[in-house]
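**Student:** The listed protein sequences correspond, in order, to chains A and B. Heads up: the first sequence begins at 336 in the working numbering, then just goes up one per residue. Heads up: the second sequence begins at 1473 in the working numbering, then just goes up one per residue.
Simulated from the structure, these hints should not be mistaken for laboratory data. Glycine is no exception: its CB is placed at the ideal position from the N, C-alpha and C atoms. It is possible that some hints are incorrect.
Stated by the list, open to error - In silico contact screen, one side only, chain A against chain B (beta carbon under 8 Å); selected entries: (1) Met-336; (2) Gln-369; (3) Gly-397; (4) Ala-399; (5) Thr-401; (6) Arg-416; (7) Asp-419; (8) Ile-420; (9) Gly-437; (10) Ala-459; (11) Ser-466; (12) Lys-467; (13) Leu-480; (14) Gly-504.
What the hints assert, rightly or not - Calculated cross-link-like contacts (lysine-lysine; reagent style DSS-like; alpha-carbon spacing at most 25 Å): (15) B:Lys-1519 x A:Lys-403; (16) B:Lys-1519 x A:Lys-337; (17) B:Lys-1475 x A:Lys-470; (18) B:Lys-1575 x B:Lys-1481.
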Amino acid sequence: MKKITTPLKEADILSLRMGDEVLLSGEIYTARDQAHKRLVEAVKGRKRLPIDLRSAIIYYCGPAKTPKGKIIGSCGPTTSRRMDIFTPLLLKKGLKGMIGKGTRSKEVRQAIRKYKAVYFLAPAGCGALISKYVKALKVIAYQDLGPESITRLKVKDFPLIVGIDAKGGSIYG
Amino acid sequence: MIKTIKADKITQVVADLCVKANCVLRSDVLRKLKAAYKQEKNIRAKKALEAIIKNAGIAQKEKLAICQDTGLPIVFIELGQDVRIIGDLKKAVMRGIELGYKKGNFRESIIRDPLKRGKPLYKGTIIHADIVRGSKLKITVLPKGFGCENKSQLKMFNPTASLDEIKKFVVDVVRSSGPDACPPYVVGVGIGGAADYAGFLAKRALLKGINSGHQKGLSPKGTVPELERELLFEINKLHIGPMGLGGKTTALAVNIENYPTHIAGLPVAVNINCHALRSASVRL
């Protein structure tokens, strides 16, 4: 099991192969459908982005509300596929890692290879379990989207599997 | 005998069902997951199932949602014809959903306007009501996550279609769901009725216990339990496996419901459910 910390370093990314099990620690951003749409619109409109994409990791997740006394509610991954139409542009702008569940399009796989990035799989449908690896949560942008707003999570030893590596190798073949 | 039930009581009951359904995994589902864990040899599949089972334990113990996608709550009501409701039944159910979802700190996942989108809220429950004999009121809450709902399909077959064509369609729907919608799946199939009703049947089939009728040799050929068993066998040969990482367990169960249909048609709907098949019922 490899331990990796954010921000992602190129050497770390290149050392990962599809199927590798990883424990990720550090800061990641949650963003899903509507946040992706806005980020891409901002890039295209040459507007300032609310987060620095360079070396960043995006987690496809819309957490449940935070119960009293907890850091976060249930917070598992959502289906990555729906983000595929937005992903290549974000990779071009420096995004280095994505966390989600399921397959990706050919275009995303090619972009991951081109920009030397990595796609991780989180335990799908295990939001209660994953909440245990989250140590802090802060809303960063698009608060009007409710659970779809961009938040920054601090995670410790978040267990992931490399789904697509920087050479374009995919666990799904 | 006429039985009276107050609407306020129904609100409380529905709220409790929401919390229970979302935090306590159905015992038949959990049992099946544990059995699958024992049977799996594939190490990745085993680990994925281990995480799923562990997740259910944490959710129940800490009153956390099993999955952050607490879904679009679908409510099934069987209203006995001898029941009299004091107050507004529909409003009572809607309020119960909102109350329960708020109480459970569940996610607001429902968009008021499907085209304009906007900020999600709790409002927008779907209610299926049926009138039955007797003086009982049965309420079931099925929180339906949309990762899997998105993979569901309907096909209007010709009435002369063979059973093999229907089976192929069901298996193909699971194949095209692939690893994306949180396998191992529970596959609901609705056969007959009309386009809308087949979809409803497929969803209601998810409420059947997931171990009903899957034992080999117990049911005659061509019957629903036999078809369920055959389909489960075919689907598990896809080797999509837990989290889509391979293994024997692509589906936990196939549940079929059928209904009379028209001489000109044969509607078949498939409703895909993720491994977190959640529902809770009460009979008043």
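**Student:** The hint names Ala-399 (chain A) as touching chain B; please verify it with the least Cβ-Cβ distance against 8 Å.
**Tutor:** holds, 5 Å
**Student:** Given the hint that Lys-1519 (chain B) pairs with Lys-403 (chain A), does the C-alpha gap stay at or below 25 Å?
**Tutor:** violated, 31 Å
**Student:** Need the status of pair Lys-1475 (chain B), Lys-470 (chain A): alpha-carbon distance at most 25 Å?
**Tutor:** violated, 51 Å
**Student:** Interface hint check: Arg-416 (chain A), Cβ to nearest Cβ on chain B, cutoff 8 Å. Holds or violated?
**Tutor:** This interface hint holds because 6 Å falls under the 8 Å limit.
**Student:** Taking the closest Cβ pair, is Thr-401 (chain A) under 8 Å from chain B?
**Tutor:** holds, 7 Å
**Student:** Given Leu-480 (chain A) as an interface hint, is its Cβ closer than 8 Å to any Cβ of chain B?
**Tutor:** holds, 7 Å
**Student:** Was the hint right that Ala-459 (chain A) lines chain B, CB cutoff 8 Å?
**Tutor:** holds, 5 Å
**Student:** Is the interface hint for Lys-467 (chain A) satisfied, with its Cβ closer than 8 Å to some Cβ of chain B?
**Tutor:** Hint on Lys-467 (chain A): holds, closest Cβ of chain B at ~7 Å, below 8 Å.
**Student:** With chain B as the partner, please determine if Gly-504 (chain A) meets the hint condition of a C-beta pair closer than 8 Å.
**Tutor:** violated, 15 Å
**Student:** Once the shortest beta carbon distance from Gln-369 (chain A) to chain B is found, is it less than 8 Å?
**Tutor:** Because about 7 Å separates Gln-369 (chain A) from the closest Cβ in chain B, which is inside the 8 Å limit, the hint holds.
**Student:** Tell me if the interface restraint on Gly-437 (chain A) is satisfied: Cβ within less than 8 Å of some Cβ in chain B.
**Tutor:** Constraint on Gly-437 (chain A) satisfied, holds at 3 Å.
**Student:** Close enough to count: is the Cβ of Asp-419 (chain A) nearer than 8 Å to one in chain B?
**Tutor:** Violated. Min distance 11 Å.
The structure does not agree with the numbered hints 1, 7, 8, 14, 15 and 17 stated previously, though it agrees with the rest.
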